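Colleague: In order, the protein sequence lines correspond to chains A and B.
Each residue of the first sequence is one higher than the one before, starting from 124 at the first, in our numbering.
Each residue of the second sequence is one higher than the one before, starting from 64 at the first, in our numbering.
It should be emphasised that the hints constitute simulated quantities derived from the structure, not laboratory data.
The structure presented is a predicted model; accordingly, all values stated were derived computationally and were not measured.
Any given hint might turn out to be false.
[As the list claims (entries may be wrong)] DSS-like cross-link-like pairs, simulated, lysine-lysine; straight-line CA separation at most 30 Å:
#1 B:K113 to A:K239
#2 A:K239 to A:K195
#3 B:K168 to A:K127
#4 A:K249 to A:K127
#5 A:K127 to A:K239
#6 A:K186 to A:K130
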Amino acid sequence: MNAKDWKILLVDDEREFITTLAERLELRGIPARVCFDGESALEAIAAEEPHVVVLDVLMPGIKGLEVLERVKRTNPGVQVLLLTGHGSTRDGIEGMRLGAYDYMMKPLNIDTLIEKMESAIDYARKASALPGKSDGQ
Amino acid sequence: MRDALFMGRMTASATHELQNILATIRESSGLMEDLLGMSSEGFAHAERFKKGLSVLAEQVERGMILTEQLNFCAHAPEASPAGADVNEAVRALAGLARRSAARRKTTLVLAPGRTGLRTSLRAVEVMNAVDAALEAALDVLPMGTQLMLCVEEHGGLGVVRLDSPGFDALRQTPGWSELATLAKTLGIGVSAGPAGQGVVLALPRPAA
Chain A
124 MNAKDWKILL
134 VDDEREFITT
144 LAERLELRGI
154 PARVCFDGES
164 ALEAIAAEEP
174 HVVVLDVLMP
184 GIKGLEVLER
194 VKRTNPGVQV
204 LLLTGHGSTR
214 DGIEGMRLGA
224 YDYMMKPLNI
234 DTLIEKMESA
244 IDYARKASAL
254 PGKSDGQ
Chain B
64 MRDALFMGRM
74 TASATHELQN
84 ILATIRESSG
94 LMEDLLGMSS
104 EGFAHAERFK
114 KGLSVLAEQV
124 ERGMILTEQL
134 NFCAHAPEAS
144 PAGADVNEAV
154 RALAGLARRS
164 AARRKTTLVL
174 APGRTGLRTS
184 LRAVEVMNAV
194 DAALEAALDV
204 LPMGTQLMLC
214 VEEHGGLGVV
224 RLDSPGFDAL
234 RQTPGWSELA
244 TLAKTLGIGV
254 SAGPAGQGVV
264 LALPRPAA
């Protein structure tokens, strides 16, 4: 699949960070939608079923791991990349147990992020081709 | 102890915010770099701009390392049933102690250490004892010296070794009594390094 056809959702309450990240992805031909909290992220995921959700673990309101759990129940084919800090590595590991595709530490390297998105989309594509294998890793 | 845990929680929260700030600076400078790469032709100050962005990137890296060490310190007073990872505690301390060593024109070097060693102590206790040894060493080392710190395993125990100055000189320093008292309280063995050089701190083994 061409990168321009990827459906990416970025979720973080750090507005300046996440909108700038979206802008940088778009400059690379990758369309990205942005949400600033867990509630609106869940609505966007239900409505649009993105290929990949990049999700901050520490947000006010619904926390990232709770969003992840709900997404994996309702839309198991959606791949989730978690964003953590050094102090929340344990959340990243817990997230993997809950079905996240991977986790990354902030600050991000955009090239690594794109590689992980591509790998997650490839994984989801292969998994959906196998009957009964459409959920996380 | 409660004070340390409270301050740890405050510091952990602040380091999380600092990571968000650094992440935002990195994305914003990254965006400027992207835009400059797309349309730098005809822009007289493009090279100076690129240099400025590269300085920003270096400073973000520096800030990331510092926030990682601070975050480790924030969690260091917490007790863990598995005990503390000796190498991680010493690495965080060495990162933060380099500045005070540099003020005395001493270069603090952390040798690639034995990983995976644990002790029954909390990380803050390991850091405190090693810092007391470092302070004693810095009191007597001549300026311009390199001080090597390493984590080793001796007979199944996690050991932290400072390679200089001479053990007898260390025992004469004002900081020695603090180290000795702390070591006694925490159950840390203190002995001379090989050939009477430096000091070896043998940390208590983790609970089975």
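Colleague: Now tell me if each hint is right for this structure.
Modeller: Hint-by-hint comparison with the structure:
| no. | hint | verdict |
| --- | --- | --- |
| 1 | B:K113 to A:K239 | holds (27 Å) |
| 2 | A:K239 to A:K195 | holds (19 Å) |
| 3 | B:K168 to A:K127 | violated (54 Å) |
| 4 | A:K249 to A:K127 | holds (19 Å) |
| 5 | A:K127 to A:K239 | holds (16 Å) |
| 6 | A:K186 to A:K130 | holds (22 Å) |
The structure shown violates just one earlier hint, number 3.
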